[in-house]
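Below are the chains, spelled out letter by letter.
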Amino acid sequence: EVQLVESGGDLVQPGGSLRLSCTASGFTFGDYWMTWVRQAPGKGLEWVANINQDGSMRQYLDSVKGRFTISRDDAKNSLYLQMNSLRAEDTATYYCARPPGRRLDYWGQGALVTVSS
Amino acid sequence: DIVVTQTPHSLSVTPGQPASISCKSSQSLLDSDGTTYLFWYQQKSGQSPQLLISEGSNRFSGVPDRFSGSGSGTDFTLTISRVEAEDAGVYYCMQGIHLPWTFGQGTKVEI
Chain S
27 EVQLVESGGD LVQPGGSLRL SCTASGFTFG DYWMTWVRQA PGKGLEWVAN
77 INQDGSMRQY LDSVKGRFTI SRDDAKNSLY LQMNSLRAED TATYYCARPP
127 GRRLDYWGQG ALVTVSS
Chain A
413 DIVVTQTPHS LSVTPGQPAS ISCKSSQSLL DSDGTTYLFW YQQKSGQSPQ
463 LLISEGSNRF SGVPDRFSGS GSGTDFTLTI SRVEAEDAGV YYCMQGIHLP
513 WTFGQGTKVE I
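One line per chain: the protein sequences are S and A, in this order. Residues 27 to 143 in our numbering are what the first sequence lists, from first letter to last. Residues 413 to 523 in our numbering are what the second sequence lists, from first letter to last.
If you are wondering where the hints come from, they were derived from the structure by calculation, not from laboratory data. Quick reminder that beta carbons are idealized off the backbone N, C-alpha and C, glycines included. Please note that the accuracy of each hint is not assured.
Claimed, not checked - Per the computed footprint, the stretches of chain A lying under chain S, defined by three or more beta-carbons under 8 Å from a beta-carbon of chain S, are:
hint	region
1	422–431
2	443–453
3	463–474
4	494–508
What the hints assert, rightly or not - Calculated from the model, a selection of chain A residues having no Cβ within reach of chain S, i.e. all distances over 10 Å:
hint	residue
5	Lys436
6	Gln439
7	Lys456
8	Ser460
9	Asp477
10	Arg478
11	Phe479
12	Ser482
13	Ser484
14	Leu511
With the rest of the complex left out, here is chain A (with noise of 0.2 Å):
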């Protein structure tokens, strides 16, 4: 199974301050189709998740564009660039490329 580790497990940020999370995976997310099968969702408290990035760097609709996705290969960052109150939550990636699809442990982010 492909391991996807997050760093850090927590943040704690000041709001209008930027934000970063990696997610690293134990095998490429590079599909041969040109694919990159990395997703990143937010699931604040009592919610379900929600996507915010598909394929690696797209944003999903109504995401603000504050949430950006970037990286290649195995390596990847979410950044938000000014963090906002409401912005608080649990985020996380995940990989398609294989089954099992796997999840990485969450970054618990504190306004």
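Isolated chain S, as found in the complex (with noise of 0.2 Å):
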């Protein structure tokens, strides 16, 4: 059984840093494309960023470009995303998702990141 569970969510200060975590079980995490997709409270659904299999390639929303940082380590099973320079606008419930073919076939239960003085 396909499983993604993630950590770290937290309240952070404006300006903060936060690293999300999402563990990987139940397939070959080294054989696929990893995804962030994030949720504000109330809101729709905003892709984030995907990393490749070697982590070779790496794509942004432009409004996370050189703030937040995607990474995996698959002798972990583990994908990574390093929020820095947080602002309240990325107040919300993270999800890692397994994209084979675009389509986001997985979800964790999702990390909730409150960006708050």
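The task is to assemble the complex, starting from two chains supplied on their own in separate frames and drawing on the hints.
Here it is in structure tokens:
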């Protein structure tokens, strides 16, 4: 059974940093691109970033480029999102998802990030 | 960026009746490889989104056959042939042909 479990969500002050993790199981993690998607409270879904199998290709939403870094550790079956210079508008539940053929076929349960003073 | 527009914003349906959601994109979602990069997701209250339909019309594994996707190019439709109580939630379409991948604003389905 494919499982994705996010962790690391927290309350952080504007300008602060946070690292989210996503631990995968039930499939060969290293064979897949991985994706982060976020959802602001009561709002819709927003794609954030992708990373390819060996980490050589990283794609970002313009509004997070230069502030967020997606990475992975295949030995730990883990995906990460390092978030720096956080803003109030980054407040959201962050989901990791698996995107074979660009379809997001499995999602984690989400990690809530709240940016507030 | 490709704009994806869903209508209606909300829908109230009686169990056993059909329901349809429209999704229109600002650019064609048919890629040169012949793939249509249009996907439908269902998000029930308090849960993560779940994939329903990929490539415009392919039901994902385990999705009931009352769900179907149709359309091409820029115009797509998700149809629930006979709505059940468990179908309540918010439905999103998403385009994956060009970055940034973008979602429609969602359609809330109430039973």
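Status of the hints after comparison with the structure:
Counting residues of the region 422–431 of chain A whose CB falls under 8 Å from any CB of chain S gives 0; the rule of at least 3 is not met. Interface restraint, the region 443–453 of chain A with chain S: holds (4 residues with C-beta to C-beta distance below 8 Å; minimum three). With a cut-off of 8 Å between beta carbons, the region 463–474 of chain A has 4 residues touching chain S; three or more are needed, and the interface restraint holds. For the region 494–508 of chain A, the proposed coverage by chain S is satisfied: 3 residues have a C-beta within less than 8 Å of a C-beta in that chain, meeting the threshold of three.
At roughly 16 Å, the least C-beta separation between lysine 436/A and chain S is larger than 10 Å, which holds for a residue marked as non-interface. Distance check on glutamine 439/A: its Cβ is at least 15 Å (rounded) from any Cβ of chain S, clearing the 10 Å threshold; non-interface status holds. Consistency note on lysine 456/A: stated as away from chain S, and its beta-carbon is indeed over 10 Å from all of that chain's, at 12 Å minimum. Residue placement check: serine 460/A does not keep its beta carbon more than 10 Å from all beta carbons of chain S (closest about 4 Å).
The Cβ of aspartate 477/A lies farther than 10 Å from every Cβ of chain S, with a closest approach of about 18 Å, so its non-interface assignment holds. Non-interface status of arginine 478/A relative to chain S is upheld: no Cβ of that chain comes within 10 Å, the nearest being about 20 Å off. No beta-carbon of chain S is positioned within 10 Å of the beta-carbon of phenylalanine 479/A; the least distance is around 15 Å. Distance to chain S confirms serine 482/A as a non-interface residue, since its nearest Cβ pair spans about 17 Å, more than 10 Å.
For serine 484/A, the non-interface assignment is confirmed: its Cβ lies about 17 Å from the closest Cβ of chain S, beyond the 10 Å cut-off. At the 10 Å boundary, the C-beta of leucine 511/A falls inside the reach of chain S, the nearest C-beta of that chain being 6 Å off.
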